[in-house]
Amino acid sequence: SQQGEEDPQALSIQEGENATMNCSYKTSINNLQWYRQNSGRGLVHLILIRSNEREKHSGRLRVTLDTSKKSSSLLITASRAADTASYFCATDSDPSIAGGTSYGKLTFGQGTILTVHP
Amino acid sequence: NAGVTQTPKFQVLKTGQSMTLQCAQDMNHNSMYWYRQDPGMGLRLIYYSASEGTTDKGEVPNGYNVSRLNKREFSLRLESAAPSQTSVYFCASSRIVQEAFFGQGTRLTVV
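Here the protein sequences line up with chains Y and U, keeping their order. In the numbering used here, each residue's number is its place in the first sequence (first place is 1) plus 22. In the numbering used here, each residue's number is its place in the second sequence (first place is 1) plus 3.
Do not rely on the hints blindly, as some may be mistaken.
Here chain Y is said to cover these stretches of chain U; the calculated rule only asks that three of the stretch's residues, wherever they fall, bring their Cβ under 8 angstroms from a Cβ of chain Y [to be verified]: (1) 47 to 58; (2) 75 to 89; (3) 106 to 113.
Worth flagging that the hints you see were computed from the coordinates, not collected in a lab. Virtual Cβ for every residue (Gly too), placed ideally from N, Cα, C.
Turn these sequences into a full structure, and let the hints steer you where they fit.
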């Protein structure tokens, strides 16, 4: 089963605009991660936010986490055509929920396809 | 800086054939994983290995077996391929509670 649900499923914007993607999950987590996947390629890690963190920045990326609502958002500011890709959230479950140890097993959402038009 | 290397990149199998997907990482990570990705979906965990000598089932293990040959290598075997196993397979490695590094994927078609 998919832990994370992402919306929107697809997002189309112009270069320079901001892109916001949302992720909801079901069970308690140890951390939440965002990955990017270019067409036909492997996944590339973008950012990791731990369950005791509320916001994190990395370059043009801003991630928020609301554990009370079991949700996260990824904001890409000043988007570029090169940001065109699929974006996935992935959760690493709370070890106490996962039967003692999660071992870094990730549960992925179905992804958001972002298209940035030049 | 090879990271995670998967072979082969593409494979076509006939129903009932067997094959092994190879994965190697050079980052000295303890944990390794096999995921599959179907169209329009995120990745689903097939098997994982928390450390050398241990393996365990993930969300969708049926029809697969794995071997953690040493700390670097983690292979995935399909004993009798079925059309439902047509997918893109990704190997990944990580240190626990840190980000995962993914290979480029193996695109498998079973006809």
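These are the hints, each one checked on the structure:
Here the region 47 to 58 of chain U counts 4 residues with a CB under 8 angstroms from a CB of chain Y, which clears the bar of 3, and the coverage holds. A count of 0 residues in the region 75 to 89 of chain U with a Cβ less than 8 angstroms from any Cβ of chain Y is obtained; the coverage claim is therefore unmet, three being the minimum. Only residues whose beta carbon comes within less than 8 angstroms of a beta carbon in chain Y count, and the region 106 to 113 of chain U has 3; three or more means the coverage holds.
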